[in-house]
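Guided by the hints, dock chain B onto chain A, whose structure is given.
Number of protein chains: 2
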Amino acid sequence: MQTIEEKLHDQGTFFEEGVQAYITYACGSSGKRLRPLLAFLVGGATGNITSEHLNLALIVELIHIASLVHDDIMDGAVVRRERPTLNAKWGNGLTVLVGDILFAHALRLATQFSDSQMSRRIADAAIGVCSGEMLQTERRFDVNLTLEHYFRIIEMKTGSLFAVACELGALLNNSSDEVTAALKIFGMKIGIAYQLLDDCIDLLGDEKNIGKTLGTDLIGGKFTLPILLLLQSASSKDQENLHHSLLNDSGVHREEVVELLFEKGTFDKAIIEINNLMDQAEAALLLIPKNEYVEGLYGMATYLRGLIPTKLSIK
Amino acid sequence: MQTIEEKLHDQGTFFEEGVQAYITYACGSSGKRLRPLLAFLVGGATGNITSEHLNLALIVELIHIASLVHDDIMDGAVVRRERPTLNAKWGNGLTVLVGDILFAHALRLATQFSDSQMSRRIADAAIGVCSGEMLQTERRFDVNLTLEHYFRIIEMKTGSLFAVACELGALLNNSSDEVTAALKIFGMKIGIAYQLLDDCIDLLGDEKNIGKTLGTDLIGGKFTLPILLLLQSASSKDQENLHHSLLNDSGVHREEVVELLFEKGTFDKAIIEINNLMDQAEAALLLIPKNEYVEGLYGMATYLRGLIPTKLSIK
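Protein sequence lines correspond, in order, to chains A and B. Just so you know, the first sequence maps onto residues 1 to 315 in the working numbering. Just so you know, the second sequence maps onto residues 316 to 630 in the working numbering.
Next up, chain A with everything else stripped away, as it sits in the complex (with noise of 0.2 Å):
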């Protein structure tokens, strides 16, 4: 993965003096890089990993950190990656451009593939990131959220940039339409597993650990899958208690709200379906020939499994 961080390193010199120093500064974050990984694993999965793979997997990681650079702005996170946050060094107005630019970039670098279905696509996924986004901004402070709305929410929000990774991954081997799809459904389940492990470790985590703001969720509104358990499962009594700490004028009780978490045992169901969407997404894998870059997709689920919070580590 050395070539990924030194052509994201490389990016700022596409663009305008002036602009290129910002550029820099959003490529050079060090992510875990999980999109651009499933894009050069599903190449070694169905063939060969070429060139339009290391493309592919550079253009959804810019389409990642965009989102991350906008998304930054909307829940005022001053600090992400151990780093400060671009909106946090620079202001508002410079970083929705910034956003802007690494959009219009990565997908100025889709229209390299010769295939102009590839390009479609991702220009999809970048959609389906920013509809995710805005249907969640939308809602926050619903307390009447449906889960089946929120899987909508994260589907397009997170899986969606996962899925696309896999898919074109697959669909520049030739691959054919069934390994495609199964791909496709691979990465959809682990990048909304992921996402769900990001809420709850944004509910339950430990802030020095992770090196970004935590509980912005909560503060912000965004009532993710461990609340949402815990509104449905709760009692009137309960509720009304509930709807209190999380409306309250004065700001969310979070300690009150993840004490609840643990007591009623919300949060071991969020661990519970996350490791159900790992196992469907090995379930989809079964139909892929076997071979080390296989094993290593297997994997990738394997650490994500490993990132989930115990009890232990929480409390």
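By construction, these hints were calculated from the structure, which means they are not laboratory data. Hints may be right or wrong, so weigh each one.
Said to hold, decoys possible - Among the chain B residues that face chain A by a calculated CB cut under 8 Å, a handful are:
1. Thr426
2. Ala438
3. Ile442
4. Leu546
Yeah, the Cβ is synthetic: ideal placement off N, Cα and C, and Gly gets one too.
Same frame as chain A, but now just chain B:
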């Protein structure tokens, strides 16, 4: 031009429920549609106006709308084209996402062209628009901004999209390199002239007749051509007073500045520059065999000259 309005009106339907209404509102404003008009006129000037010209017209207008949506966030503008801005209605967070979706949607539509060069040029233009905005934002309240740098900014911010509408309108008809280049120059020159005109109107115009919040450039520290010319020509004593007016802690003293623009004849100099650019735009058309659409391109220059505020209309 009925068709472009219908097309714009229908764009919401391409999105997830819950996203549609925002896109429809953003596309529903009554703009001048200069960029789509250029795409159509160039189509007719170089051959036929095809359905691909309609697609091009739609794409350039969507990119323009997206940039305005984000621009209004940065300027804190509350009214545009006689309606509340999106940020005034729904806040900055949702508005960032509406702009993102419009950009990505435009670039998705661009993948429909059979030649991927087309979509690449469109992505380049989108990056140009955002980079120009960024450089301008970066240089806010900079009394040392050079004319050269300022022209580079508006070339990117406004010229690039006008230019690409013309260039690709010609390319879609397989025009010669010479004709394509001439039309690209026409678009670039008329785009820059239009931006200068818009900047003058922001400084001097009458809010009631324009339908948007005016004077935001000065308040936001965007020093446009008249201001830069004024700074350049002022004596050191006048410069000192001017810096005080422009950089005042309690806000810009707009009346004082506008008064000086008249007193020193700087406003006249800006008008001369606009007319020069229109002349250059028209000169680029001399190469193109005359027909009614070429006449239409000349007519557009004439129309824009008619928008230039005269002393009489201002004072």
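> Taking each numbered hint in turn, which are not upheld by the structure, reported in ascending numerical order?
Replying inline: Hint 4 alone not satisfied by this model.
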